[in-house]
Each structure stands twice: as structure tokens, then as C-alpha cells.
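Chemist: Starting from the structure of chain P, add chains V and B where the hints point.
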Amino acid sequence: MEVPVATERNSIQARSRAWLRASLSQIRVQARRPGDFAFRVLLYLFVGIVLVIVLGIGWVLLSSSWPTIQQFGFKYLTNPAFDPIHNTFGVGPALFGTFFTSAFAILLAVPLSVGTAIFLTEFCPRRLRFPLAFLVDTLAAIPSVAIGLWGFLVFAPWLQQTGEPWLQQHLGFLPFFQGTPYGVGMLAAGLILTAMILPIITAISREVMVVVPVSQREAMLALGATRWEVIRYAVLPYGRVGITGGAILGLGRALGETIAVTLVIGNQATPPSASLFQTGYTLSSVIVNQFGEATPGVFLSAVLEAGLLLLLITLLTNILARLLIARMGRVGGGLTA
Amino acid sequence: MQELVASEGQSQAEIAIDIQRLDAWYGPSQALFDVNLSILPLSVSAAIGPSGSGKSTFVRCLNRMHEEVFGARVTGSVVIEGVNIYAPTINPIYVRRHIGMVFQQPNPLPSRSIYENVAIGARINGLAKGRALDELVERRLRQAALWDEVKDRLSGAPTQLSGGQQQRLCIARALALEPHIVLMDEPCSALDPIATLQVEDLIRQLKQHYTIVIVTHNLQQAARVADRTAFFLSGHLVEEEATAEFFSHPKQKETEDFITGRFG
Amino acid sequence: MSVTAQSTKSNPFEAERNGLQLRRSIVNKLSIILTGFFAICASLFLIYLIGYIAAKGLQFINANFFTQRPRAPGETGGGWATALQGSAIFLSEVGRGPFASFVRFLVDTLTGIPTIIFGLFAWVLIVVPSHSFSAVSGGVALGIIMIPTVARATEEVLRLVPNDQREASAALGATHSRTIMQVVVPAARSGIVTGVMLALARVAGETAPLLMTAGGTPFFNTNLFHQIDAIPLRIFNFTLSPYQIERDQAFSGALVLIVFVVITSLAVRWATGGFKRRGR
Numbered sequence: 015m016e017v018p019v020a021t022e023r024n025s026i027q028a029r030s031r032a033w034l035r036a037s038l039s040q041i042r043v044q045a046r047r048p049g050d051f052a053f054r055v056l057l058y059l060f061v062g063i064v065l066v067i068v069l070g071i072g073w074v075l076l077s078s079s080w081p082t083i084q085q086f087g088f089k090y091l092t093n094p095a096f097d098p099i100h101n102t103f104g105v106g107p108a109l110f111g112t113f114f115t116s117a118f119a120i121l122l123a124v125p126l127s128v129g130t131a132i133f134l135t136e137f138c139p140r141r142l143r144f145p146l147a148f149l150v151d152t153l154a155a156i157p158s159v160a161i162g163l164w165g166f167l168v169f170a171p172w173l174q175q176t177g178e179p180w181l182q183q184h185l186g187f188l189p190f191f192q193g194t195p196y197g198v199g200m201l202a203a204g205l206i207l208t209a210m211i212l213p214i215i216t217a218i219s220r221e222v223m224v225v226v227p228v229s230q231r232e233a234m235l236a237l238g239a240t241r242w243e244v245i246r247y248a249v250l251p252y253g254r255v256g257i258t259g260g261a262i263l264g265l266g267r268a269l270g271e272t273i274a275v276t277l278v279i280g281n282q283a284t285p286p287s288a289s290l291f292q293t294g295y296t297l298s299s300v301i302v303n304q305f306g307e308a309t310p311g312v313f314l315s316a317v318l319e320a321g322l323l324l325l326l327i328t329l330l331t332n333i334l335a336r337l338l339i340a341r342m343g344r345v346g347g348g349l350t351a
Numbered sequence: 014m015q016e017l018v019a020s021e022g023q024s025q026a027e028i029a030i031d032i033q034r035l036d037a038w039y040g041p042s043q044a045l046f047d048v049n050l051s052i053l054p055l056s057v058s059a060a061i062g063p064s065g066s067g068k069s070t071f072v073r074c075l076n077r078m079h080e081e082v083f084g085a086r087v088t089g090s091v092v093i094e095g096v097n098i099y100a101p102t103i104n105p106i107y108v109r110r111h112i113g114m115v116f117q118q119p120n121p122l123p124s125r126s127i128y129e130n131v132a133i134g135a136r137i138n139g140l141a142k143g144r145a146l147d148e149l150v151e152r153r154l155r156q157a158a159l160w161d162e163v164k165d166r167l168s169g170a171p172t173q174l175s176g177g178q179q180q181r182l183c184i185a186r187a188l189a190l191e192p193h194i195v196l197m198d199e200p201c202s203a204l205d206p207i208a209t210l211q212v213e214d215l216i217r218q219l220k221q222h223y224t225i226v227i228v229t230h231n232l233q234q235a236a237r238v239a240d241r242t243a244f245f246l247s248g249h250l251v252e253e254e255a256t257a258e259f260f261s262h263p264k265q266k267e268t269e270d271f272i273t274g275r276f277g
Numbered sequence: 017m018s019v020t021a022q023s024t025k026s027n028p029f030e031a032e033r034n035g036l037q038l039r040r041s042i043v044n045k046l047s048i049i050l051t052g053f054f055a056i057c058a059s060l061f062l063i064y065l066i067g068y069i070a071a072k073g074l075q076f077i078n079a080n081f082f083t084q085r086p087r088a089p090g091e092t093g094g095g096w097a098t099a100l101q102g103s104a105i106f107l108s109e110v111g112r113g114p115f116a117s118f119v120r121f122l123v124d125t126l127t128g129i130p131t132i133i134f135g136l137f138a139w140v141l142i143v144v145p146s147h148s149f150s151a152v153s154g155g156v157a158l159g160i161i162m163i164p165t166v167a168r169a170t171e172e173v174l175r176l177v178p179n180d181q182r183e184a185s186a187a188l189g190a191t192h193s194r195t196i197m198q199v200v201v202p203a204a205r206s207g208i209v210t211g212v213m214l215a216l217a218r219v220a221g222e223t224a225p226l227l228m229t230a231g232g233t234p235f236f237n238t239n240l241f242h243q244i245d246a247i248p249l250r251i252f253n254f255t256l257s258p259y260q261i262e263r264d265q266a267f268s269g270a271l272v273l274i275v276f277v278v279i280t281s282l283a284v285r286w287a288t289g290g291f292k293r294r295g296r
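One line per chain: the protein sequences are P, V and B, in this order.
Everything in the first sequence is counted per the numbering used here, starting at 15 for the first residue and increasing by one.
Everything in the second sequence is counted per the numbering used here, starting at 14 for the first residue and increasing by one.
Everything in the third sequence is counted per the numbering used here, starting at 17 for the first residue and increasing by one.
Isolated chain P, as found in the complex (with noise of 0.2 angstroms):
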């Protein structure tokens, strides 16, 4: 294989290239015989796969939406609406929906996950530790279709007729809780991502806390701490950094999910307000409902971009959360990811 010797000027082509040339020195240093090189080169080949695949998703997706951003530019983040008859696309109530539905779950799981998990880990019986444990990580293995069918068919029905009326009555006077009962809303899509991403929260929680030290929780015991003051003082300060990224990489999740959440989003624009019981779609549930219709030009393109927003959002969380957690290792928390 050929490797030029490096005399470019420009820095960045010459660090590429003296990459590649340690990259296949070090490929020829650990391949002592023919076979083994082949063989590594094999591996490396199937390591190719995968960058092209990450890598391919990202490109295919940006040379396919150019049209869109060509044609709009940022205007696509503000139009109202997918309308090919006046050929104007934007995801701007798209975006409202995602993020109002994905904060509302967060606001609600983080505290309900961290508290499962502090049950599970300082106050839980031994005994029905593994069982609850068993039930509170299974449901993260639902497929997000039967929640979304369950959401559609008996939770939307009920939050119409029952669960909406009454927060009206007691709490209408926030504008949460103003407008129309639907049933299928907001509140709704933020409901089921709560129970969606808790199982994610609640189990990094608990392996953050589990590896709080001893001589921490004897600290604060000393002290003549009570259990609770334990958990504040020593346990949750400790986890604080693995915690927080166990709810990012909830956010996450709750960002990206489409099936349950377009089921019971409504799917019907309305202007963006607080209130919680209003429809409204998000970027995954624009997708699927456009995707069928799509003429190609810039409709299809307009359908493109949409993928490729919601692909930029969950990997800049991803990746937040994953520096957040490996960071929690460096500091002293010791969490494997």
C-alpha cells in the first residue's frame, strides 16, 4: 500500500494522511503473517461498514433535505405547516409539540425515577427488591406500538370523558389546563413518555447510587443522620452528575419516540399555547404522517429535513448525556456506560 511522504501544506491533510499511514503501520505491526493481515484488514473493512453507516445516515439525509433548506432556509423551523397546495413546508408546530411534550415528561420522570430509585436502592426491603426492579426495567421492554395502542384506544377515551374534565375543575385556573378536552393532546403524548422513559432514568439512577462509597454514607451517620438526610448529604450530591445524565439521555429517548407519541398526539395543528390539552404533532409524528403523501421534489425533501432535525436534537442530547455520564466516572463515581 502506498503511502506518499507527507510535504502538503495544508495541516489538516497532512495530519489525515499521517493517520492513515499509523493506522496501516499499526495494522502491519500486530500482522505478523499474510493471513493475519488479510484478516485485519477484514476487521478494519467491517469497522468501514459501520462508520458509512453512521456516517451515510447524516449525509443521506442532508443531500436529500438541500432542496428544503435551500427553498426556506431557517424559515422551515417557523413555517406552520406542511402544505403542498401552497407549497410553504415548516415544522414550527412540529417542534413546539416535541419539545413541549419531551419537557413536560422530563419534568415529571426525573422525580419519579429518582425516587423509584431511591426506594429501590436505601429503603426497599430486600426481599422485594428484585421483583419491583424486575417490573419497573420491564417496561422499558414494551414495544412503544401496544403503549401507543393502549394510550389510543383506552387512555385518550378516559383523559376526554374523565381525567381532563376534572383537572379543568380543580386546577383550570393555570392555563394548563384551559381549552377543549380532547383526550389525545399534549398531556396525553407527555403522560406516556413519562412511563416510557422512566424505566431509562430510574435504572442509571440506581446504578449512580449504588456506588456512592461506604465511608460516605458512614459520614453522614456519624452525624447522627437520619436515612433520608444520608440519601441528601452524601448519596444523591455524589450521583449528582450521572444522574443528571441519566435524565438527558431520558430526554433523549423522549425526543425521538414516534409511534406512541403519534398515536396519541392528535395530529391536528393547533396554534401553540400552555394549555395541555391541546393536539398537536411532533417532528417524529410529522414523518410518519407526511411520509405517505410525499411527492418528490421539495415535499419529499421538506419530509427529509424533518428527519434530519430530529436526528441533529437526539444526538447533541446523546452526546451530552454520555460526556455527562463518563465525565461521573473520572470525578470518582465509577459508572459504566
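Worth flagging that the hints you see were computed from the coordinates, not collected in a lab.
Remember, predicted model here, so these are calculated numbers, not experimental data.
By construction, the Cβ of each residue, glycine as well, lies at the ideal position given by its N, Cα and C atoms.
Check the hints yourself; a few may be wrong.
Covered stretches of chain P (chain B as the covering partner; in silico rule of three or more C-beta atoms under 8 angstroms from a C-beta of chain B) [to be verified]:
#, region
1, 73 to 81
2, 208 to 217
3, 237 to 243
4, 326 to 333
Which residues of chain P face chain V? A partial, calculated answer using Cβ under 8 angstroms [unchecked claim]:
#, residue
5, Gln-230
6, Glu-232
7, Ala-233
8, Tyr-247
9, Tyr-252
Modeler: Using the frame of chain P, we list chains V and B on its own:
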């Protein structure tokens, strides 16, 4: 605020901690067998012995820390100030609140400032607030011979401190709750020789105000610091004596063997 | 200056009867109750959900039900993904240094991507140009989704193979590649199978990618390049159906799906014993 000084009525012959028929288990295996001992007030008592002899377990039974381990069990009585702390009506939280403890590895709370570390015990027990709390923190840090070194960085993280300083911080933290008794489980094991001497000096000063029980694997340290020494072997209390007498005329053969280094 | 603490109290180890101590005690008890309540709610919700779906879904489960449900194209996807196990082998056997971490990072990133994006990917690449839904495109999408799960599981399992086996093989003169393929991989084989099963379980319940690729059809189909149905897809369509009977049947489908996914995950976890839950 009450100063912690012995009452005029309390003579040296009174007993600070009276341990009777103390047994302790980790699950099914017994760690302490029928320990009977009296600890005198305002003195330093050392518990020595080889690894696994039960000396740490013994000391942790004195403030009901031992039972926090899953499956641990204690029987017998430990009477402090006229009260058996193992009586069924006694809440261990309040036992621990009145007895200070310093651990082998310095364990300040890393997420809280130096000030907060000393203050936290006082805070959760409602001992002081505001300026009174500031004074309390300063007084205890002075008492632990740490004030001058940290007074300019009270809001800094305890992880910036050296091992010896962290241990003195933990001592200050323990003292903040105005205990009569301070337990120390091998407090110098993790420290370098200079820090060790500093802590030993501190112990000698503190015994004017507190009853101190210290676990140590270092015989010379016991000889330097303790008024009385107790020797534990395989969960049994073999011998307990005034330190000078203990080292010069040990009464039991095992004691003598241990002191002369025939095993350990 | 000398006042003792014990002269006024008969029992120094009792709680002072003041507001603070009372509050501490209440807060402590409250925290136990509250967190326990949360935990029980979470667990009860699961039981309720499964119970409800089971109750509504059981009525339609009979032999007929099963013969009318074509299997998901997971098999195509599965074959494809195991071919890419190479990346997993790479990670564990060669995986040191910044490049390996980068690869690992990429693989992990794949897990975080919403599955609909894989559907989009396959849709753009295969469905749109070929103007038809196909099992192949579904398989592609699902296969990609399976990669990180299989890769991670394989990597873990390969790492667990004790080093003496590798050293023995090297001592016998085998090349590095021989060692890996003929000693390490066979030793880890059951673990690798488990990883694949885990990935299959995860993928079996995926609907979004199939919506856009496999299309769904009421007929049996063995041609890989035509539309094919899958359970999650059918559930989705039936849920939105105007016919009550189809909506009811959706529950049965969901029940079957849940049972399959949950039991496979369970079986995998039970078989691997100490292999604790690792992301999903």
C-alpha cells in the same frame, strides 16, 4: 453555648463507657465474644490487636455503627451516662449524634465546602445558625489545629487539602456536635508520618475535654498516646491495662507474644 | 464556665422534643413513603398495562390468529447484522487507543438514534427509487438498528473469555487472527447468540422503520422484494382502523408481541446471569 468541660462533680474514677457481655455478629459469624470493659472519662483508651481481631468492630459497637451493616447483630449492654444505648427504646440516631467518630480514610463530603463539612452536623441537628454557626465552625477548626491553614479558603473544596488536613477536618466535623466521647478507627493509617504526629498531638490535647477511644494497629502509637490499652485477639478481649503496665508487664502470654512481635 | 450536658436530662440519648427533631422524623418517614409510592406506581402500571392488553387480547388468540400473521422481516435484518459483528470483534480484540474508542463511540451513538430515522434512511435509499415497499428495505433498516446491540454484547462476551485461552493458542503458534476465529469466538459463541437474540427482541417490536419500508399487506409473501407485513405494523394499522373488530384484534397482536419481546429479553437475561442490564 455550652463549653465542653468535665463537671466539677465528676471524678476520674467514674466510668464513661461501661461495656458488659458484648457480643457482635456479622450474619452467622461471631466477631466479638463476651467483651467486658470500662472506659474512663477524659482519657485515651487504645484498642490494639492483629487484623480481624475485632477491635474495629468493638469500637463501632460503641456508637451503634456496627448494626448498619446488613445482617449485623449485637447483644449485651453498653452504658453511657447511665443509659444503655442498646435499650430497645433508644433510637440509634441520637446515640450517634452524641458520639463523635473519625474513620480510617478521611471522608469529607467532596461536594460541600470546607465550612459546610464542619457545619453539616450542626445544621441537621439544629445546633446553631448564622453567626453562631460561623463561630462554632471556627472554634472547632481551631480545636483541630486546622484553622490557620484553611481560614482563607473556607468555601473551597476539601479535596484540595492534604490527607492529614482532611483528617483534621473530619475531627473538627466530629467535634462540632459537642460529643463527650470521640471514637477513632485507625485515624492515622492513611496518613504520612508527619501528619500522623500532628494528629497524635491533637489527640493528646483533646483528651482534656473528651473521652477518646482509638483503634490502632501501631503498637508504638498506642504507647505514645493512650492512657489505657486493650488487646483483642480473635474477637476476645485478652487483656486491658494502664499502658505503661501493659507494655512492661503483660499478664497474658498472647499479649506478650503480640507485643514482642511473635505474631501480628 | 463548667456546665455539663447531663445534669438536666435524665436520658441524653433521647430526641429533644422540639420542632426540628419532629420535622426530621417526619421528613424521614415521608421520604420512605413517597419513594415507595413512586416505585409501586411504576410497577403497578406495568402490571396494569400488560393485564389490560392480555384481558382484551386473549379473546382472539387461537390457531387461526397465528397462521394469518406473517413473521416480521427481522430474519433478513438479523442475518445482515450478524455479518457486521466484525466490528464487535474488532472492538474487543484490537480495541485499544483512540481509534477504537471512536468506533465504540459511533456504535453507542447508533443506539441513541430514533428508529424512525433508520426507516427514513432505508426509505430514501431503497423504497423511493424502487417505487415499492419491500421486505429487503425493512430488513436493512432493522439490521442497522440491531448492529449496536449485537456489537456491544459480542464485545462484552469476547472480553470475558479468559486470557489463558488466548495465550495458550498463541503459545501453540497460532496467528492472532486464527486465535480469534478458532479459539475466542467459539468460546464466546453462546454469548454471541444471546446478543443476537437480545437484538432480535429489541427489533421485533419496532414499528416506525417498518412503516416506511415494509409496507404491510394482508397476504403471505415470500418474495423479498415485495411488501410484507409485520406484527407491530399490523397493530399500528388496526389501532387506527374504523372497524371495532380490528381495533380489538390489535390488542391480541400487542399481547403476542409483548409476550414475545418480554420473554425473549427475560430468557436472555436469565441465560447470561451476571450480565447486568446494559443500555437498550
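Chemist: Now look at each hint and say whether the structure bears it out.
Modeler: Evaluation of the provided hints:
For a cut-off of 8 angstroms, the count of residues in the region 73 to 81 of chain P with a CB near a CB of chain B stands at 3, and the three-residue condition holds. With 6 residues bearing a CB less than 8 angstroms from a CB of chain B, the region 208 to 217 of chain P meets the requirement of three and the coverage assertion stands. For the region 237 to 243 of chain P, the stated coverage by chain B holds: 4 residues have a C-beta nearer than 8 angstroms to a C-beta of that chain, and at least 3 were required. Residues of the region 326 to 333 of chain P with a Cβ under 8 angstroms from some Cβ of chain B number 5, which satisfies the need for three, so the listed coverage holds.
About 6 angstroms separates the beta-carbon of P/Gln-230 from the nearest beta-carbon of chain V, less than 8 angstroms, and the hint is met. Satisfaction of the interface hint for P/Glu-232 is found here, the shortest Cβ-Cβ separation to chain V being roughly 6 angstroms, below the 8 angstroms cut-off. Against a cut-off of 8 angstroms between C-beta atoms, the interface hint on P/Ala-233 holds, since the closest Cβ of chain V lies about 4 angstroms away. The beta carbon of P/Tyr-247 is positioned within 8 angstroms of a beta carbon in chain V (closest approach about 6 angstroms), and the interface hint is therefore held.
Of the supplied interface hints, the one on P/Tyr-252 holds, with its beta-carbon coming within about 7 angstroms of a beta-carbon of chain V, less than 8 angstroms.
Checked against the numbered hints given earlier, the structure satisfies every one of them.
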